[in-house]
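> Work out the full structure: start from the sequences and follow the hints.
2 protein chains.
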Amino acid sequence: MPISSDEQKFLERAIELSDRGMTGLHGGPFGCVIVKDGAIVGEGYNQVTTTNDPTAHAEIAAIRDACKRLATYQLTGCDIYTSCEPCPMCLGAIYWARPNRVIFANTKQDAAAINFDDQFIYDEIDKCRDERQIEFIHAPHKDALAIFEKWKNLEGRKEY
Amino acid sequence: MPISSDEQKFLERAIELSDRGMTGLHGGPFGCVIVKDGAIVGEGYNQVTTTNDPTAHAEIAAIRDACKRLATYQLTGCDIYTSCEPCPMCLGAIYWARPNRVIFANTKQDAAAINFDDQFIYDEIDKCRDERQIEFIHAPHKDALAIFEKWKNLEGRKEY
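Line by line, the protein sequences are chains A and B.
The numbers in the first sequence follow our numbering, run straight up by one, and end at 1600.
The numbers in the second sequence follow our numbering, run straight up by one, and end at 1600.
Treat the hints loosely; a few may be bogus.
Note that identical chains are pooled: a pair holds if it fits in a single copy or bridges any two copies.
Once the Cα atoms are required to be at most 25 angstroms apart in a straight line, the calculated DSS-like pairs of lysine-lysine come out as [unchecked claim]:
id	residue 1	residue 2
1	Lys1548	Lys1592
2	Lys1567	Lys1508
3	Lys1567	Lys1590
4	Lys1567	Lys1548
5	Lys1548	Lys1598
6	Lys1508	Lys1598
7	Lys1449	Lys1598
8	Lys1592	Lys1582
No wet-lab data here; the hints were simulated from the structure.
For clarity, every value in this text was computed on a predicted model and none was experimentally measured.
This is the structure in structure tokens:
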């Protein structure tokens, strides 16, 4: 699908950030920018290994940056430009942030070719929890359920 | 599956945090603790609405806290106790952090009953990108691919 020259410019900024983060040895080769009304409102690159934060992917960093700058937890009306197709964690974060569109350059197959195997995580998510490589144990607790009930009627609660 | 009394204690701490976060109006009713060698090394509760961070789920907060305290981006040998079955974003984060086990109380069905519909995101992840409710546009770029190539031979790079 062709994109406009403005969109191309934003995508190239995301790609530039992927190079900057990698070359500076901050983390993997991934960059992201978030755009609203034709202006960049958030930026990020991967910093997993230097910040000791396995969630510090480019998209998560850019979402957090944009939400901070816009003082909101919803990216309505925003587009996300990312140098690579999002991993499952970032895809989940994108759905929680609810932007309009995601434009990406490299695919998850391109990422797998340099040893970032998101497909493993995609496959694990689809497995029922008894078959996953990380053990998932369901231990129901009445207090946990009671707190969910309390939420339903909590005064001042803010849905998201 | 039954859990030990020690494990029950850690799960109850996660549940207590879910109540504390909710009652303090920090965000939704979700709490998480991370345990290594019988001691809590990370804690978190949902703070999405008060910190304007859609990624500030309990599990993400606890993972970031544990990794900071342990000075690592890998939670090898750790167990994650969470008041509710993780959403797709947190499940992705858990796979990147690579703990041993995840013990949870409420299920995603319990969460859906109080209007936290993770299932929508699970369904979207499974769709091919042309069929998703958020538009995903693939715009290949030679620079993005070149940067991936550069990563393969980058001196000083740290895999994760």
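> Decide, hint by hint, whether the structure agrees.
Going down the list of hints, with the structure as the test:
1. Taking the closest pair of Cα atoms, lysine 1548 and lysine 1592 come within 25 angstroms of each other only across two copies (16 angstroms); inside a single copy the shortest separation is 39 angstroms, beyond that limit.
2. Neither within a single protomer nor between protomers do lysine 1567 and lysine 1508 lie at most 25 angstroms apart by alpha-carbon distance, with minima of 35 angstroms and 30 angstroms respectively.
3. For a Cα distance limit of 25 angstroms, the shortest separation of lysine 1567 from lysine 1590 qualifies neither inside one copy, at 31 angstroms, nor across copies, at 34 angstroms.
4. With identical chains, the CA atoms of lysine 1567 and lysine 1548 are at most 25 angstroms apart both within one copy (19 angstroms) and between copies (15 angstroms).
5. Only between protomers do lysine 1548 and lysine 1598 lie at most 25 angstroms apart by alpha-carbon distance; the minimum there is 20 angstroms, versus 35 angstroms within a single protomer.
6. In this assembly of identical chains, lysine 1508 and lysine 1598 lie within 25 angstroms of each other by CA distance solely inside one copy; the values are 18 angstroms within and 29 angstroms between copies.
7. When the C-alpha separation of lysine 1449 and lysine 1598 is checked against a cutoff of 25 angstroms, the pair qualifies neither within a copy, at 37 angstroms, nor between copies, at 29 angstroms.
8. Taking identical chains as interchangeable, the C-alpha atoms of lysine 1592 and lysine 1582 lie at most 25 angstroms apart only when both belong to the same chain, with a minimum of 16 angstroms there against 50 angstroms between chains.
Violated hints, listed in ascending order, are 2, 3 and 7; each of the other numbered hints is respected by the structure.
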